[in-house]
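Number of protein chains: 2
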Amino acid sequence: MNWPIVAMLVSLLALGVAAWLYAWVKSQPSSNPDVERIGVLIRKGANTFLGREYKILAIFVAVVAVLIVLFLPRPFWKGDIGENIMMAISYIIGSALSALAGKIGIFVATIANVKSAEAATKSKNLSFMAGFRGGAVMGMAVVGTSLLGVAGILMLTGDATAVLGFSFGASSLALFAKAGGGIFTKTADVSADLVGKVELGIPEDDPRNPAVIADNVGDNVGDVAGMGADLFDSNVASMAAALVLAMALDGNIGINTGMVFCYAAIGLLSSIIGILFGRIGKNGNPSTALNKCTYITTALFAVLTAAATFAFSFDWRYWTATIIGLLVGTVIGLASDYFTNDEKKPVQLVARASRSGPAFTILSGFSYGLLSSFPSLVGIGVSSMASYLICDTISAGNTDALFGISMAAIGMLSIVGMIISNDAYGPIVDNARGLVEMGNLGEEALEITDDLDSAGNTVKAITKGFAVGAAGLTVIALLGAYMAEANAALAEHGLELLTGFDVMNPVVFFGMIVGVAIPAIFSAMLIMGVDRNARRMVAEIHRQFEEIPGLKEGREGVLPEYDKCIDIATRGALRELIPAGLVAIAVTLAVGFIGGVHAIGGFLVGNILSGILLALLMGNAGGTWDNAKKYVEAGNEGGKGSVAHKAAVVGDTVGDPFKDTAGPSINTQITVVSLAASLTAGLFATISLFS
Amino acid sequence: MNWPIVAMLVSLLALGVAAWLYAWVKSQPSSNPDVERIGVLIRKGANTFLGREYKILAIFVAVVAVLIVLFLPRPFWKGDIGENIMMAISYIIGSALSALAGKIGIFVATIANVKSAEAATKSKNLSFMAGFRGGAVMGMAVVGTSLLGVAGILMLTGDATAVLGFSFGASSLALFAKAGGGIFTKTADVSADLVGKVELGIPEDDPRNPAVIADNVGDNVGDVAGMGADLFDSNVASMAAALVLAMALDGNIGINTGMVFCYAAIGLLSSIIGILFGRIGKNGNPSTALNKCTYITTALFAVLTAAATFAFSFDWRYWTATIIGLLVGTVIGLASDYFTNDEKKPVQLVARASRSGPAFTILSGFSYGLLSSFPSLVGIGVSSMASYLICDTISAGNTDALFGISMAAIGMLSIVGMIISNDAYGPIVDNARGLVEMGNLGEEALEITDDLDSAGNTVKAITKGFAVGAAGLTVIALLGAYMAEANAALAEHGLELLTGFDVMNPVVFFGMIVGVAIPAIFSAMLIMGVDRNARRMVAEIHRQFEEIPGLKEGREGVLPEYDKCIDIATRGALRELIPAGLVAIAVTLAVGFIGGVHAIGGFLVGNILSGILLALLMGNAGGTWDNAKKYVEAGNEGGKGSVAHKAAVVGDTVGDPFKDTAGPSINTQITVVSLAASLTAGLFATISLFS
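For the record, the sequence lines run as chains A and B. This note's numbering runs 1319 ahead of the 1-based position in the first sequence. This note's numbering runs 1319 ahead of the 1-based position in the second sequence.
Rather than coming from a laboratory, the hints here were simulated on the basis of the structure. These numbers were taken from a predicted model, which means no experiment stands behind them. All C-beta atoms in this analysis are idealised placements derived from N, C-alpha and C, irrespective of residue type, glycine included. One thing to keep in mind: the hints can contain errors.
Said to hold, decoys possible - Where chain B lies over chain A, by a calculated footprint (3+ residues, C-beta under 8 Å):
#1 1668-1678
#2 1697-1703
#3 1802-1812
#4 1922-1932
#5 1971-1977
As the list claims (entries may be wrong) - Subject to a maximum C-alpha distance of 25 Å in a straight line, what follows is the list of computed BS3-like cross-link-like pairs (lysine-lysine):
#6 B:Lys1883 x B:Lys1363
#7 B:Lys1965 x B:Lys1949
#8 B:Lys1965 x B:Lys1516
#9 A:Lys1663 x A:Lys1959
#10 B:Lys1516 x A:Lys1965
#11 B:Lys1965 x A:Lys1965
#12 A:Lys1664 x A:Lys1965
#13 B:Lys1363 x B:Lys1374
#14 B:Lys1516 x B:Lys1883
#15 A:Lys1516 x A:Lys1949
#16 B:Lys1663 x B:Lys1959
#17 A:Lys1965 x B:Lys1959
#18 B:Lys1965 x A:Lys1516
#19 A:Lys1959 x B:Lys1965
#20 B:Lys1516 x B:Lys1949
Sequences and hints are given; from them, build the entire structure.
Okay, here's the thing in structure tokens:
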């Protein structure tokens, strides 16, 4: 079987399904002019942001592409310039495809939100389906284009290093999309809440609030396009790592390379089938419906890969590693759910602590965030150790064992199509809820969209846990890929090969301890960026309420200048993001030039360890605070307006940039650094101060 | 020269100086009966806590001693039981000497506070000197007993492993003293503030507040006894690591072992001389006076060790490593100062952010905490790499290089006598300020003690940075000691020796990723302990204000039941501490039995990396919040009672358990785990599931 071709065919099928789902969404009725008008504002805002972002990104990509042509994988005066050009092209295609997937996702999400809002006046199931199928377009688009791209690049070049270049392109885009989108969305969210809810006491999504459209745009650019780019990136990176190692095992494209594509195609197929089950009964529970789809996909994947392994004589050890990854992903998801679900103790105890004031909300939520890292870290540790040991044979060096780890990552990410669908569902129904409120579609519709929205939040916690776990395993596999790349360069210069990274080697240890600092600095810079940007937007909201007559009173026909706020969020997000990204890359290069390939190995490990810890801490603490606030608002611990509520709002505000800006961006930061290290391994193998 | 004997003589000199300083403090007048009465309450409270703590500790030490006799360094049926008994005795002596030093420190501090308060009515210099010399007694007692103990144990047994046992004893005590004391002090502090300042609006240190004595007791048990035990522990651990490696280099006690004692003795001598300079002019600045002593000690140490190295032909490479440690310690201290000093940008910007409410206080302070980890991590990384590379020779394996790292730790800790003196000065003058307020000693005395107190806070940030840096280098050196111990056991069983810990080995990686979680869990459990315990105490304070007639109104002769609050803080601290300590040790054993000596190596690295990161984050964020609050209270950003002030108080309350409970306890937790690993290396070398 020519598995890359099979994978490309399944990808095209997924894109076909995406088109069909889009047609279905598009065919749903939308008649309310108010809702339509606001929907257009949101769509335009999102496109403005994407346009500006992509323009800056295009410059960035162009600069990096030139650098690649000059220096990577080998300086042009030493190597084959054709290889460098191929790498640069792969890089450009990686970023372009990821951008395209994001654009498709936003395009559909900003239609589906209107359809879902409108449908809520008629049927809960239709409203749900508009949201879910809108999200599924994104899921199919991301996985379809990424698999198509990876398979295509490998077919064209026959070189796994080019896939690394493709992956680096996807990561560059993800860094902008996730971190930039994260700053945008939280700037708008925090500012809208601060002036609207806290100062003026007007409800969420009140159309008088100048930041309200920016807030809804933020859901789309942060949670749809940003999250999609993030998982596009993880998915491609896990495949790139697996392919580098598979081709090292096979000698060239062989049975293991084929297996990677076969499993990825089966994962995508399973997601397609799972998506078709996405519907609820008249009074059904939307969370159950979403989870049902996930379980169907998971079970299908396990069964079909087993059948394929039997039929095509793949190695059962790698199948086992894949399934271990899948299972551990589920465990990590469930652990995240435990810490952030309002039916469980942590959220309820944080709500209880809020009775003593905001300091106790923060302390207890932060403590649960720290605790929540334990099951996930142990899960990642156990799955990487188990898949390594299962796949280890003495004869093959340790490449087979590392390949086992990369297959565990593939397993964890196999159902990513389903995960993105669930995840993109969230912001769509969140938007729909806003549109129902702004368009006055009635109490019943509001109740329905509230219910759909809350299911989105619950499912989000699980998928976020998944994303961190997947990123963790992927970067471990990338460590193996990095070593393979560095060794290729070392061998070329007749230097001693790496056999590993010994922490007792001071150069490795130096890299490691500096690496630990990077996710910390990166997330601090993003949080500070949100903070600074929110300050600018709050000033603008104040100005509008002061200078536009009749706005505060809600006089008929008086509208705020929504686009000013969108503009501030856009400019600020891009401005605040760039230094953070540059620091991460600059320190990587500095460590490489000081300590060479050994130091970079340690540096990557330090990055991974502190990155996973901080991502879990921030993501889960943020989720706990968010749901503790909602739990109080549902009438517990004194309900709305109580001391506990005020304290819980503080927790939620702290949690917003934790969980939606810094936490998830750390994944991307680690991946970018890992890929940058793999690509520059050749340089640092020959040029460095110590080592 | 018989350097251990010289070190013991200098230790005795230090104890003599301590006695002289004590006599000086004791000879200062104290005539005010109110102050004396409250002073007695504080003294009794502190002794109650110490008594209970030591009672529980005695049981703990007895159990561990029995386990040591049975199993360590080798199971009694396999090895020499005499060796095991010797180890158990060293362990008991280690914990007993550390306890004694803590007891001495508390004894003097609870006299010096009264003297300093009384002196404030007459002379600023006398008030300062009472505080500083009281603190110096602690400094001399800690360093004198620890050096005496280490030298004595080595003289008696001739075995560096016994010194590890001694060090483990000191660490066990430090865990109780630092974490238990940390929970005690913050329970009392948070509860007293919550009911006193926030609910009732009565000033700090108001004698009507039932928690006020507990709060002052907390300063002593947390900051005097706890911090003393922590630095006793670090100091002994750094010497133990250096001695294990020196004796491996020398074959037995030789020139390098001698150098360790020589440098330690010179450090102690330099501290003694530095202390004698501790005085201020009539209107002098107390911070300047404290820093002057530190600089004198540092300079003396550098010069005298150079002279000794020349005179006794020690290896200049090790001297260089020692001085690098000293310099980097200073850099780390200055970096901590930058992030927590109210004359610098971070504190001022956190105060500014507080104008937008508590969420922004938290976000900005947390971000600076994350950023603050960078210079210290780079400092630790550079100093360990530089000292390794300077001391590395191919002929000696890498033992000489690891010994270089341990000498950098010795260098960083060389001035520990001075550091403890500065640090213990803080709580004494803090107490004195309370006594001046409670005893109504007048406005002028209050101003003087306020000034002395604020100098204590400034110096504290620097010394805390030092402590984290020293702990970091020490545990890196302990990693070398662990490998040496594990290899001794492996050699005995004819197994393959460790040459390092390769992160690409899945068992090492598993240990590492689990190790990352431990400081996170440990600190979360301590923070939650403070939270739960403060809740109990707040309930008790409410009960007293309700049930004791005339208390709230401050009727003459009506006193709260101070001892009830002390009792709650004491019981709670010990109850909350034990599970946290057990989890850390249980996971260490579990990882050892699963993955053997390789996994434990990784586990220690994971512990070190996340421990240093979290300790810096929590310590510095806490310091920033504390000083931002004080900055606002000094009249900036709206001053007392403003929105910014309320927000800054929330930041300070969050920061309290961060900086005084969890952050500094992490040091001790890492050291305990490292030593437990070294001692049990023999067991895990032969018994484990994988590896």
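Each hint tested on the structure:
no.	hint	in the structure
1	1668-1678	holds (count 5)
2	1697-1703	holds (count 5)
3	1802-1812	violated (count 1)
4	1922-1932	holds (count 6)
5	1971-1977	holds (count 3)
6	B:Lys1883 x B:Lys1363	holds, 13 Å
7	B:Lys1965 x B:Lys1949	holds, 12 Å
8	B:Lys1965 x B:Lys1516	holds, 11 Å
9	A:Lys1663 x A:Lys1959	holds, 20 Å
10	B:Lys1516 x A:Lys1965	holds, 19 Å
11	B:Lys1965 x A:Lys1965	holds, 13 Å
12	A:Lys1664 x A:Lys1965	holds, 20 Å
13	B:Lys1363 x B:Lys1374	holds, 16 Å
14	B:Lys1516 x B:Lys1883	holds, 20 Å
15	A:Lys1516 x A:Lys1949	holds, 14 Å
16	B:Lys1663 x B:Lys1959	holds, 20 Å
17	A:Lys1965 x B:Lys1959	holds, 21 Å
18	B:Lys1965 x A:Lys1516	holds, 19 Å
19	A:Lys1959 x B:Lys1965	holds, 21 Å
20	B:Lys1516 x B:Lys1949	holds, 14 Å
Taken one by one, the earlier hints fail for this structure only at number 3.
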